[in-house]
Amino acid sequence: MAHGPATLADGWGKYISRWVFTTNHKDIGTLYLWFSFAMFIMGGAFAMIIRAELFQPGMQLIKPEFFNQMTTMHGLVMVFGAIMPAFVGLANWLIPMMIGAPDMALPRMNNLSFWILPFAFAILTSTLFMEGGGPNFGWTFYAPLSTTYAPDTVNYFIFGVHIMGASSIMGSINIIATVMNMRAPGMTYMKMPLFVWTWVITAFLLVAVMPVLAGAVTMMLMDINFGTSFFDAAGGGDPVLFQHIFWFFGHPEVYIIILPAFGVVSQIIPTFSRKPLFGYSSMVYATAAIAFLSFVVWAHHMFTVGMPIAGELYFMYATMLIAVPTGVKVFNWITTMYRGSLTFETPMLFSIAFVILFTFGGFTGMMLSIAAADMQYHDTYFVVAHFHYVMVAGAVFSGTAAVYYWLPKWCGRMYDETMGKVQFWIAFIGFNITFMPQHFLGLAGMPRRYADYGLQFADWNMVSSIGAFMYGGAQILFLFNVIRTIGWGKPTDDPQVWEGAEGLEWTVPTPAPYHTFATPPKVK
Amino acid sequence: MLKRAQALFLGLLSPVIALAMAGNVSAESATRQLNMPQGVTEVSQAAYDIHMIMMWICTVIGIAVFGFMFYVMYAHRKSRGAVAANFHENHVVELIWTIVPALILIVMAIPATTALLKVYDTENADIDIKVTGYQWKWQYEYIGEGVKYMSELRTSQDEIYGRAPKGEHYLREVTEPLVIPTGKKVRFLITGNDVIHSWWVPDFGVKRDAVPGLFTAAWAKTDVPGTYVGECTELCGIGHAFMPVVVEVKEEAEYNEWLAGKKAEVAEYASTIGKEWTFDELMVRGEEVYERSCAACHQSDGNGIPGVFPALKDSPIALGAKEGHIAVLIDGVAGTSMQSFADQLSEVDIAAVVHYERNAWGNDVGDVTQPIDVLNYKQGQ
Ligand code: HEM
Ligand SMILES: [Cu+2]
Numbered sequence: 000m001a002h003g004p005a006t007l008a009d010g011w012g013k014y015i016s017r018w019v020f021t022t023n024h025k026d027i028g029t030l031y032l033w034f035s036f037a038m039f040i041m042g043g044a045f046a047m048i049i050r051a052e053l054f055q056p057g058m059q060l061i062k063p064e065f066f067n068q069m070t071t072m073h074g075l076v077m078v079f080g081a082i083m084p085a086f087v088g089l090a091n092w093l094i095p096m097m098i099g100a101p102d103m104a105l106p107r108m109n110n111l112s113f114w115i116l117p118f119a120f121a122i123l124t125s126t127l128f129m130e131g132g133g134p135n136f137g138w139t140f141y142a143p144l145s146t147t148y149a150p151d152t153v154n155y156f157i158f159g160v161h162i163m164g165a166s167s168i169m170g171s172i173n174i175i176a177t178v179m180n181m182r183a184p185g186m187t188y189m190k191m192p193l194f195v196w197t198w199v200i201t202a203f204l205l206v207a208v209m210p211v212l213a214g215a216v217t218m219m220l221m222d223i224n225f226g227t228s229f230f231d232a233a234g235g236g237d238p239v240l241f242q243h244i245f246w247f248f249g250h251p252e253v254y255i256i257i258l259p260a261f262g263v264v265s266q267i268i269p270t271f272s273r274k275p276l277f278g279y280s281s282m283v284y285a286t287a288a289i290a291f292l293s294f295v296v297w298a299h300h301m302f303t304v305g306m307p308i309a310g311e312l313y314f315m316y317a318t319m320l321i322a323v324p325t326g327v328k329v330f331n332w333i334t335t336m337y338r339g340s341l342t343f344e345t346p347m348l349f350s351i352a353f354v355i356l357f358t359f360g361g362f363t364g365m366m367l368s369i370a371a372a373d374m375q376y377h378d379t380y381f382v383v384a385h386f387h388y389v390m391v392a393g394a395v396f397s398g399t400a401a402v403y404y405w406l407p408k409w410c411g412r413m414y415d416e417t418m419g420k421v422q423f424w425i426a427f428i429g430f431n432i433t434f435m436p437q438h439f440l441g442l443a444g445m446p447r448r449y450a451d452y453g454l455q456f457a458d459w460n461m462v463s464s465i466g467a468f469m470y471g472g473a474q475i476l477f478l479f480n481v482i483r484t485i486g487w488g489k490p491t492d493d494p495q496v497w498e499g500a501e502g503l504e505w506t507v508p509t510p511a512p513y514h515t516f517a518t519p520p521k522v523k
Numbered sequence: 000m001l002k003r004a005q006a007l008f009l010g011l012l013s014p015v016i017a018l019a020m021a022g023n024v025s026a027e028s029a030t031r032q033l034n035m036p037q038g039v040t041e042v043s044q045a046a047y048d049i050h051m052i053m054m055w056i057c058t059v060i061g062i063a064v065f066g067f068m069f070y071v072m073y074a075h076r077k078s079r080g081a082v083a084a085n086f087h088e089n090h091v092v093e094l095i096w097t098i099v100p101a102l103i104l105i106v107m108a109i110p111a112t113t114a115l116l117k118v119y120d121t122e123n124a125d126i127d128i129k130v131t132g133y134q135w136k137w138q139y140e141y142i143g144e145g146v147k148y149m150s151e152l153r154t155s156q157d158e159i160y161g162r163a164p165k166g167e168h169y170l171r172e173v174t175e176p177l178v179i180p181t182g183k184k185v186r187f188l189i190t191g192n193d194v195i196h197s198w199w200v201p202d203f204g205v206k207r208d209a210v211p212g213l214f215t216a217a218w219a220k221t222d223v224p225g226t227y228v229g230e231c232t233e234l235c236g237i238g239h240a241f242m243p244v245v246v247e248v249k250e251e252a253e254y255n256e257w258l259a260g261k262k263a264e265v266a267e268y269a270s271t272i273g274k275e276w277t278f279d280e281l282m283v284r285g286e287e288v289y290e291r292s293c294a295a296c297h298q299s300d301g302n303g304i305p306g307v308f309p310a311l312k313d314s315p316i317a318l319g320a321k322e323g324h325i326a327v328l329i330d331g332v333a334g335t336s337m338q339s340f341a342d343q344l345s346e347v348d349i350a351a352v353v354h355y356e357r358n359a360w361g362n363d364v365g366d367v368t369q370p371i372d373v374l375n376y377k378q379g380q
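Respectively, the protein sequence lines represent chains A and B.
Residues in the first sequence are numbered consecutively from 0, following numbering that gives the first Met the number 0.
Residues in the second sequence are numbered consecutively from 0, following numbering that gives the first Met the number 0.
Think of the hints as simulated: they come from the structure by calculation, not from any bench.
One thing to keep in mind: the hints can contain errors.
[To be verified] Per label pair, the in silico range of CB-to-CB distance:
| id | chain 1 | residue 1 | chain 2 | residue 2 | range |
| --- | --- | --- | --- | --- | --- |
| 1 | B | A163 | A | T417 | 48 to 54 Å |
| 2 | A | I475 | B | R79 | 52 to 58 Å |
| 3 | B | G143 | A | A51 | 46 to 52 Å |
Heads up, the beta-carbon is just placed ideally off N, CA and C, and yes, glycines get one too.
Pulled out of the complex, with its shape left as it was, chain A reads as follows (with noise of 0.2 Å):
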């Protein structure tokens, strides 16, 4: 077969030769994005562990030890193996059609980038099983908890975030690689889709940190194997040089995760409003000022370990700086709605929570910033609430807006939208019962990552449980929708599928064809 994809009918071996092999854009983001599901259920497993263990004061399921592992491995599992594939895959899929390109720049990179993925997340979980068990040093593995005090196992951990940061660096090459040199003609940059624009700027974040990532558990590896004191304040090394490090990539890091998904919902907005996007430019200019200041922000994640007081000033002006270009994105938004013509389908329900919690998410980080403050909520629930109103309601909210909303164009068949509106209230309800009474815990003092608390935190934290059985739920409910659309939906044929959809992807025949744009299209 010279064109066209394996199918079962062709046998069990050419079928798994196809995935293995391909170099096809559209293949690779099918798998990127069947493997983040696969880590999202994971790590969510790893989350109702958590919090069937702080259902009630007193530790009744797990003992402490494993509880550590299971916070460690539920952040990291979650940030690189759920999120960032997501939109990666996302990314496959779409950029080449939106800028009319006929794949990706780099194809056989792209397959590499994708299939040592699995590999990294194999050796990650297989700790878990090991003498020793798996990291439980939390995700953002502190020296020297994670050096001198961390199991054996460490240096799979280790192995495991060096492959991933591979994957990611050679995944934004590619990104970067197809933006530049595969554009239609009269496709200027700034006729861009907003998806398209805020990937590259991820990317280049990627490029830039996700070496950094690789430079520390690089010193940790030398502290723990080759008897280095990078992080050993005994050998005259700091343990504090570790979180500048760490920080330097950490902070970029969530506008890695968050930038991709504000490109998601200024897609989806646009079509149910009917209406073009307003402020295109300001939003590009937006989230350019957004990722610079990712990078000079760092140590606000750091207000209490005791910098001098220039620093803590320094760190506070610039966090609190980075509200001016989020709230541009986010009266923008607004104003798309303004004057549209609003339907509520299942993708601009997630849309339209998008911007409701993450906005919240961003008022709690402007509270956050305030150094004077965050002295009382740092590494309390207040910061665990925070970042799940921008992660999970912020990035995992328009990740599932985007699967609905081009799930049609994917595979020719509609979804259930009674199913999906469901699917969404009982997601948006149950998040919020999760995480609305964090702040109060927080605010109350309970720390987090505690395997035990006292008395007085514990209707909250049962509040906060059932409701993440409920958010959990939803997810299964996701499954099983996208499964019977991809199996039984309704057959559909319409190129544009949504009636206010604009962009080339909506060009292509519905399905969308194993290759499309093999001649370039005329972009006016």
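With chain A's structure known, arrange chain B with the ligands on it following the hints.
For chain B with the ligands alone, kept in the frame of chain A given last:
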């Protein structure tokens, strides 16, 4: 919108709250504090004030923005016959919503800065206390007074694992709290011994990381006597949730009396160190020390956690020469989480726990380890 969401939210929660109150957790002890405490120091008050200012600003902006958004969602829906306009930019509006938030932030920066200056105003303290984070306890040292002690969780393992009912102060009680006087500026010099911990007393507005190799300063001055409970807020291993901070603020006279008592204890201890202890006395004391300081890692049955913490039962060190065993406790084992206990435990306690480990769980060495053996080892170094 906010009101509606709030009502909806509370409505949804009411059965859950009822459930929680009916559970085995006593309702009285579960205070339903929702907001940051105002606390009892200038710093905690400053943090609270700026927190409230920020919260109100966010609430006002939130009501305006979400209110407008909900209006749009109501008024401009297709089902009500709305027809889409076609505008897509307006430089004036865009400029306004860039500049106005920037101005708000500049105004905010002023109280934010003054509050932070207060936090950092650590000069001219009346009393200096060194706070050291250990896995998983705090050490307090009254600098210049010769008084130094460990403060550890008092809640029993049985309460934690549900084998005994949980007491009123579950996880909020320690062997010996930190004691400070009213009306004096107390400076805390905070550091870590092994991994990073963080010393937090919400009512003082003090949260500082306890970083090995680094000293940072924080301060508190209050006129309100009482007991204030805080926590460790930096992940520090298995005992992270089990090393609370408890501070007692006493009137000055009471404080002085307490301090004099502590000094007397130190003097009295010096006289017991030469005493001969019997086999059984040491076993009893040794078990207490073991449970408090060793069992978290090596486990109560001496079996450790395979791959992480070695077993002491049948271990070559416990069965070998006494000096080697003492050496491990005094010097620690470099490059592992076995730290030195020289500073954490007294000679008597080290002797007792060594003795216990050599004679418990079927480790029948049969010898006796005296405090003087420990002292000799220390002096021989
Ligand atoms: C207006 C924008 C934002 C501001 C001003 C802001 C500010 C902050 C600050 C000051 C902290 C440190 C809190 C502490 O540990 O005491 C923090 C934590 C965090 N933020 Fe944000 N944030 C913003 C948006 C975001 C976004 C968009 C994301 C990601 C999608 C994000 C993810 C996180 C995460 C993951 C943490 C916690 C990291 C950890 O300690 O594990 N934030 N934020
Ligand atoms: Cu940050």
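Hints, verified against the model:
no.: 1; hint: A163/B <-> T417/A: 48 to 54 Å; in the structure: holds (51 Å)
no.: 2; hint: I475/A <-> R79/B: 52 to 58 Å; in the structure: violated (35 Å)
no.: 3; hint: G143/B <-> A51/A: 46 to 52 Å; in the structure: holds (50 Å)
Consistency with the previously given hints fails for number 2 only.
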